[in-house]
Amino acid sequence: SSSSGDEALRDKRARILSRGLPKQKPIEGVKQVVVVASGKGGVGKSTTAVNIALALAANDSTKEVGLLDADIYGPSIPKMMNLKGNPELTPKNLMRPLKNYGIACMSMGFLIEETAPVVWRGLMVMSAVEKLLRQVDWGELDYLVIDMPPGTGDVQLSVSQNIPIAGAVIVSTPQDVALLDAHKGAEMFRKVHVPVLGLVQNMSVFQCPKCKHETHIFGADGVRDLAKTLGLDILGDVPLHVNIRETCDSGQPVVISQPQSDA
Amino acid sequence: TLAERSNLAGVRHILLVLSGKGGVGKSTLSTELALALQNAGKKVGILDVDLCGPSIPRMLRVQDSAVHQCDSGWVPVFAGQDKAIALMSIGFLLERPDEAVVWRGPKKNALIKQFVTDVAWGDLDFLIVDTPPGTSDEHISTVEALRPYQLLGAILVTTPQ
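Going down the list, the protein sequences come from chains W and V.
So for the first sequence, the UniProt record's numbering puts the first residue at 1; every next one is plus one.
So for the second sequence, the UniProt record's numbering puts the first residue at 1; every next one is plus one.
You may find that some hints are simply not true.
Derived DSS-like pairs (lysine-lysine); straight-line CA-CA distance at most 27 Å [to be verified]: (1) Lys-23/W x Lys-107/V; (2) Lys-107/V x Lys-12/W; (3) Lys-21/V x Lys-99/W; (4) Lys-131/W x Lys-43/V; (5) Lys-21/V x Lys-107/V; (6) Lys-191/W x Lys-107/V; (7) Lys-21/V x Lys-84/W; (8) Lys-131/W x Lys-107/V; (9) Lys-21/V x Lys-79/W.
So these bits of chain W aren't anywhere near chain V, every CB distance computed over 10 Å [said to hold, decoys possible]: (10) Leu-9; (11) Arg-13; (12) Lys-23; (13) Ser-61; (14) Gly-85; (15) Asn-162; (16) Gly-167; (17) Cys-208; (18) Thr-215; (19) Ile-234; (20) Leu-235; (21) Arg-245; (22) Gly-251; (23) Gln-258.
Keep in mind the hints are simulated off the structure, nothing from the lab.
The C-beta atom is built at its ideal place from N, Cα and C for all residues, glycine as well.
Model the full assembly from the supplied sequences, consistent with the hints where possible.
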């Protein structure tokens, strides 16, 4: 009697609180959404997202793949995909994504000058993210890969509250401070009910190009231990290789330019 | 208010550490800079406004410390070998070190204001402010909250990539 009264109170509270939240609605034409996140900055989210999108397309040429750069403050996708320019508008006033290597891309980077900072508070960021999700003519996509910014804040919340997400991939380096943030990232997805597909251990080992000696610059196997603690799979282990960085900086991601390499 | 003015009144210089990009070494640099200044005989404090990914407590090995109150507000945690670096971070306010802080802008702004006005920093030669990646709420709020005081300037950290 008193416990059912408590439950009724909790339900009522949840209903009142959720009235202000955006309703989750899938993007028209997009079958599955995969987000690439981390919590920590600079661990290789954009690099991983770009190469995942290209790999999905390369594995099955019948699949249509899109790539959304949700990092409003530091959009890296335009540079990595070698794309520039303002998107055209369709007759229905939707933005047409820019295409390269067969992937349809949209990013804040196409809407502002390359060096212009975006110094916005959360509310403006929310509305920008909405536009990048819904006011784009994505067409029919089998997969939409979303590159998230670092942190666990407005953008992550807006995206997960706005659209159904098939799964999240969390990228981290083996370094302790990176793992701490990756753990927070995983917990954030648990809080917003997004399934975490697994972890990617990036920058795991560096091999000297001259003597081939291997150094674990950021520590060894930290991500594997975290995966075990959280009960998640390791989806991949990527070494710290100069080719990966060089090809990203020049807009020819390693999956396309060197498909046979270890990376 | 009188309390606001007094908590930062003893701080001589404020240094912001920024980057835009994540993972370039802001927290690492902030910590090393604080230690170097301390070695040179200065009184130093670090304000960690990275609310989503606070790294400084762990870097100075005080991640298990708790924050206490005094009449002028919160007492910073003293870290470093001589326990002489005054440190404030959201890391000390979490129940567990891996607890996720999933907040929108307005809540973050409120906490940053409190970190600036309600921490009893005492007499410091330098207050180093470590920021998160990006150019968002945390940065805008921090600069706005610190504007009335002598904001010395900002250091930008980047890698060559």
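- Hint numbers contradicted by this structure: Hint check: 4, 21 fail, others pass.
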